[in-house]
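S.K.: One-letter residues, chain by chain:
Number of protein chains: 4
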Amino acid sequence: MKIGFIGLGIMGRPMAKNLLRAGHALTVCDHHPEHVAELAAAGARAADTPREAAAGNELVITMLPNSPNVREAVCGEGGVLEGAAPGTVLVDMSSIAPGASQEIAAACAEKGVKMLDAPVSGGEPKAVDGTLSIMAGGERAVFDAVRPVLLCMGASAVWCGEIGAGNTTKLANQVIVAANIAAVSEAMMLARRAGVDPARVFDAVKGGLAGSAVLNAKTPMMLERNFAPGFRIDLHIKDLGNALETGHAVGAPLPLTAAVMEMMQTLRADGRGGDDHSALVGFYEKIAGETIA
Amino acid sequence: MKIGFIGLGIMGRPMAKNLLRAGHALTVCDHHPEHVAELAAAGARAADTPREAAAGNELVITMLPNSPNVREAVCGEGGVLEGAAPGTVLVDMSSIAPGASQEIAAACAEKGVKMLDAPVSGGEPKAVDGTLSIMAGGERAVFDAVRPVLLCMGASAVWCGEIGAGNTTKLANQVIVAANIAAVSEAMMLARRAGVDPARVFDAVKGGLAGSAVLNAKTPMMLERNFAPGFRIDLHIKDLGNALETGHAVGAPLPLTAAVMEMMQTLRADGRGGDDHSALVGFYEKIAGETIA
Amino acid sequence: MKIGFIGLGIMGRPMAKNLLRAGHALTVCDHHPEHVAELAAAGARAADTPREAAAGNELVITMLPNSPNVREAVCGEGGVLEGAAPGTVLVDMSSIAPGASQEIAAACAEKGVKMLDAPVSGGEPKAVDGTLSIMAGGERAVFDAVRPVLLCMGASAVWCGEIGAGNTTKLANQVIVAANIAAVSEAMMLARRAGVDPARVFDAVKGGLAGSAVLNAKTPMMLERNFAPGFRIDLHIKDLGNALETGHAVGAPLPLTAAVMEMMQTLRADGRGGDDHSALVGFYEKIAGETIA
Amino acid sequence: MKIGFIGLGIMGRPMAKNLLRAGHALTVCDHHPEHVAELAAAGARAADTPREAAAGNELVITMLPNSPNVREAVCGEGGVLEGAAPGTVLVDMSSIAPGASQEIAAACAEKGVKMLDAPVSGGEPKAVDGTLSIMAGGERAVFDAVRPVLLCMGASAVWCGEIGAGNTTKLANQVIVAANIAAVSEAMMLARRAGVDPARVFDAVKGGLAGSAVLNAKTPMMLERNFAPGFRIDLHIKDLGNALETGHAVGAPLPLTAAVMEMMQTLRADGRGGDDHSALVGFYEKIAGETIA
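Protein chains in written order, with the working numbering: chain A, 231 to 523; chain B, 231 to 523; chain C, 231 to 523; chain D, 231 to 523.
Calculated directly from the structure, the hints in this document are not laboratory data. For glycine and all other residues, C-beta sits at the position ideal for the given N, C-alpha and C. Hints may contain errors.
[Stated by the list, open to error] Here are the simulated DSBU-like pairs of lysine-lysine, each with C-alpha atoms no more than 35 angstroms apart in a straight line:
1. B/K468 <-> B/K232
2. C/K344 <-> C/K516
3. B/K344 <-> A/K468
4. B/K341 <-> A/K468
5. B/K356 <-> B/K341
6. D/K341 <-> A/K516
7. A/K468 <-> A/K436
8. A/K468 <-> B/K232
9. B/K436 <-> C/K344
10. C/K232 <-> A/K516
11. A/K341 <-> A/K356
12. B/K516 <-> C/K436
13. D/K436 <-> C/K516
14. D/K468 <-> C/K516
15. A/K232 <-> B/K436
16. D/K356 <-> C/K468
17. D/K436 <-> D/K341
18. A/K232 <-> A/K468
19. C/K468 <-> C/K344
20. D/K356 <-> C/K436
21. B/K436 <-> B/K344
22. B/K516 <-> A/K232
[Claimed, not checked] Short, incomplete list of chain D residues facing chain B, as computed with Cβ under 7 angstroms:
23. E333
24. A337
25. A339
26. H478
27. A479
28. T496
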């Protein structure tokens with residue numbers, strides 16, 4: 231299929247490459263020329279603007295940092311909506327606020343462009359492997375039509391409901407992940423201060439009801455003090471900000487998320503926003519005055 | 231082996247039966263004659279007091295509600311220490327405060343009795359199947375000696391450190407589980423209020439970093455509004471109380487645990503202390519004014 | 231003095247009238263013609279736009295809901311900066327984010343306009359009486375020059391520091407007030423559930439270390455269930471949102487504010503955003519399942 | 231009146247001296263001989279045990295650290311109930327759990343002893359001046375009879391309800407004070423990080439709705455970094471522990487208290503339990519990485 235791909239960051243580059251590998255014809259666009267060059271070397275056509283990246287393609291994919299970037303790339307000057315023909319499908323795979331997805335989709339609809347929001351989970355390793363989890367919102371028929379393309383980038387693609395439902399699901403995902411990282415940190419520090427080796431706690435509890443992907447992936451990082459991302463605290467802060475904004479808009483109070491947000495802000499104030507979110511254990515190390523390992 | 235078994239509650243009965251099945255000779259004791267009768271029918275000898283249950287046995291197991299019960303059964307009048315010969319091993323499999331384990335072990339040591347604390351995780355179903363997770367503290371050599379007996383009741387038995395380490399590990403486990411149930415509830419209510427079906431969220435996120443044993447086991451209960459325990463809120467409150475007491479004693483602040491504790495108190499104030507801990511979603515239903523499904 | 235006054239809401243109208251009473255010449259502007267008419271009847275000149283309200287005046291005062299409104303009125307089309315001559319002083323008395331004050335002041339500086347941020351505390355009654363507390367940021371000399379005008383509206387006007395300091399101080403004020411209302415609610419509900427009349431608790435503690443303006447002003451409202459504002463929950467939510475945004479920007483985690491924010495969101499989700507902020511007691515009534523009086 | 235006085239700590243000594251000054255005949259008792267000697271030098275008779283201190287007196291006052299101490303002194307071997315004649319009045323002025331007051335009062339009733347719980351607020355300075363705030367629970371007629379004696383020690387004595395109501399009121403007081411200290415700390419740190427001098431914030435807000443006895447008394451201590459107690463964090467932790475225990479018993483969730491409790495635990499883990507509770511600002515200094523002044 232002829233696809234425009236806008237946003238060649240840490241996630242966007244491997245996702246675009248997986249589309250090329252699957253035989254799709256890509257026109258790519260990014261603020262960083264070296265990223266465009268990297269994809270051009272892999273077989274993509276380069277475009278200067280989102281408008282050019284959209285022009286003449288059936289499908290346009292955006293993979294950008296946050297709501298304002300998507301708004302600008304889609305609705306702004308030189309944006310997708312200036313280049314896309316009616317009937318084009320826009321799949322925004324960025325993680326943004328569901329309300330922003332709905333607003334952008336409304337702007338798309340005025341130009342006859344159909345939009346899905348389809349954020350991903352799994353981070354760079356799964357983007358490289360093409361095994362992301364993709365959660366999508368929008369018209370079911372549109373989703374069914376582009377699903378094969380999505381599965382070039384992900385191991386699963388689940389339709390979650392109307393436009394915005396993909397991002398709502400992603401926010402629910404991020405709420406659970408953040409609180410669970412905090413919970414694991416809190417539990418491991420309790421063990422540590424009580425004189426029990428957190429590594430033994432990990433072994434003893436991982437097979438039971440405390441077991442989780444977070445426990446398996448993040449405890450070893452905490453114990454080895456390896457906080458290379460993975461998923462940066464700054465990005466998790468962005469997601470929790472969107473979750474709180476959404477919760478406030480729809481009447482869902484989020485007390486745990488609000489508490490974990492302030493813990494993450496503590497890390498950011500310490501200049502650790504670029505660390506993996508497992509560095510949240512540092513909040514507990516700060517208040518308990520001892521490192522976990 | 232000749233074993234005294236004290237405490238034939240929901241957990242104790244199936245655990246004792248598994249020991250009988252494995253060919254061990256049991257002397258059992260409980261406040262409820264009908265529970266004693268049930269085990270007698272299965273081949274155990276009945277004793278009137280912990281002292282009698284301990285007398286003449288190499289190993290004594292206690293499985294009781296909380297610290298005061300264990301103290302009474304071991305150190306009180308008619309207790310284990312009046313009946314146990316020097317050299318006897320006491321394995322307390324109750325979930326109690328680590329500090330209480332250490333105090334009781336010290337009393338045991340004065341009589342030449344060696345104690346392990348070896349609480350379990352997994353609930354009634356795994357007690358019945360003999361697939362509990364057992365986390366133990368105490369002398370390593372003592373643990374190694376009784377490990378085969380423990381494995382008649384559990385799928386795994388992990389040595390976590392000195393006396394009290396088993397209960398510290400159990401508290402760490404309960405801290406993670408409680409916070410994760412709250413996080414899943416919070417995330418599902420966010421989805422619900424934002425118009426997305428929590429069942430779809432469950433499907434979309436369970437394979438990723440938000441995936442956990444709690445998510446898998448508790449989300450369906452929340453969605454079906456099936457709050458038959460499982461593990462009762464009242465018991466989880468007891469565990470969080472022990473976690474907070476321990477955290478305060480060792481200098482480990484537990485902000486999430488403290489927050490979730492107050493959520494659970496809300497449920498208990500509503501008369502739902504006997505519900506499964508997945509009923510914690512009810513806190514969110516209360517503050518958001520809507521049920522999750 | 232010749233003054234332009236923009237924003238004739240619940241607070242702006244009595245403030246403008248107090249300036250008229252003190253003999254100042256006012257040109258006023260507001261989206262609601264009836265509010266403009268009310269002030270015209272009191273002796274003010276009517277203007278159609280902020281630009282007109284600013285033109286030819288030495289001093290311009292804005293009293294608007296939040297940052298975007300001030301930005302629009304000052305920097306937007308037909309805004310103050312199109313009408314104000316170099317040397318004009320702009321005093322923004324709205325309660326907005328300190329960062330927004332700084333941005334707007336920078337835009338003013340480009341046109342030779344000097345800006346102070348000077349939010350107020352005290353609510354409608356003190357606006358009517360001219361006894362507001364005014365907390366200001368900006369150049370000290372500019373503050374000293376306009377201080378006499380400010381004291382036509384307030385009982386006190388304190389210089390707090392550079393531009394933005396007025397709003398930072400106001401946010402600090404709102405953080406304390408919000409947490410204290412929650413604390414009083416929590417304490418009164420504890421007494422109520424323990425069988426002690428909250429009115430007696432009020433009498434017994436008001437003279438001691440628990441005594442506060444919040445306790446004196448808000449406890450009677452809670453006990454009489456009189457939640458007519460006063461200061462609306464919706465506005466306090468706006469202020470706490472600005473406090474959290476500011477705290478995140480400057481590296482000051484605000485865990486209590488974040489917790490109280492979610493309590494207030496619970497009230498708003500119940501349709502009580504228009505109630506006085508003392509209605510926060512309703513959060514506790516909801517989780518405890520009983521009213522306080 | 232002939233009065234037995236048990237407990238001559240920091241508070242008890244000046245309280246007892248004020249009773250002597252008012253002309254009452256005191257028999258005193260304490261674990262520390264030097265404290266007994268100090269009161270004997272001031273005119274009191276010394277007793278070796280609470281039993282002796284109670285014998286032959288119409289009124290017995292206890293002023294002890296926490297529930298177990300009062301239980302021991304009243305109901306234990308050599309305790310008040312072994313010495314007090316039927317008809318004696320016991321006024322426990324310690325700050326303990328309301329449930330403990332009710333249990334001890336029941337034990338008293340069996341011996342014909344009438345008990346009031348009458349904890350105080352105000353700290354050592356007001357104990358010295360005889361200007362404590364006294365909040366009492368128990369039979370109204372008993373309270374009215376001993377009120378003149380109480381007013382030798384306090385500026386006010388308020389009857390709050392049945393037995394336990396005095397301590398419930400004290401807990402409500404301590405809940406408000408703790409949360410307000412945290413709120414002031416949080417607000418001052420927000421100002422500090424935003425570049426505004428907390429001393430100016432104090433001046434600007436103290437006359438408005440943020441004004442409180444806590445703000446007036448504790449902000450200067452924070453700014454001068456003078457954390458000499460006053461009221462020690464360890465004692466406030468004891469009170470919050472009693473508040474949480476009581477809240478859990480009566481079905482009043484206390485989310486703010488639970489959060490502030492963990493902040494105070496952070497200070498205690500740092501070895502600062504002996505500092506004044508205004509040192510709670512240290513929690514914010516820890517997470518923000520900067521001192522407030």
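S.K.: Decide, hint by hint, whether the structure agrees.
M.R.: Hint check results:
no.	hint	result
1	B/K468 <-> B/K232	holds (32 angstroms)
2	C/K344 <-> C/K516	violated (48 angstroms)
3	B/K344 <-> A/K468	violated (53 angstroms)
4	B/K341 <-> A/K468	violated (59 angstroms)
5	B/K356 <-> B/K341	holds (34 angstroms)
6	D/K341 <-> A/K516	violated (53 angstroms)
7	A/K468 <-> A/K436	holds (29 angstroms)
8	A/K468 <-> B/K232	violated (60 angstroms)
9	B/K436 <-> C/K344	violated (56 angstroms)
10	C/K232 <-> A/K516	violated (55 angstroms)
11	A/K341 <-> A/K356	holds (34 angstroms)
12	B/K516 <-> C/K436	holds (32 angstroms)
13	D/K436 <-> C/K516	holds (32 angstroms)
14	D/K468 <-> C/K516	holds (28 angstroms)
15	A/K232 <-> B/K436	holds (32 angstroms)
16	D/K356 <-> C/K468	violated (41 angstroms)
17	D/K436 <-> D/K341	violated (51 angstroms)
18	A/K232 <-> A/K468	holds (32 angstroms)
19	C/K468 <-> C/K344	holds (26 angstroms)
20	D/K356 <-> C/K436	holds (16 angstroms)
21	B/K436 <-> B/K344	violated (44 angstroms)
22	B/K516 <-> A/K232	violated (50 angstroms)
23	E333	violated (16 angstroms)
24	A337	violated (20 angstroms)
25	A339	violated (26 angstroms)
26	H478	holds (5 angstroms)
27	A479	violated (10 angstroms)
28	T496	holds (5 angstroms)
When each numbered hint is compared with the structure, violations occur for hints 2, 3, 4, 6, 8, 9, 10, 16, 17, 21, 22, 23, 24, 25, 27.
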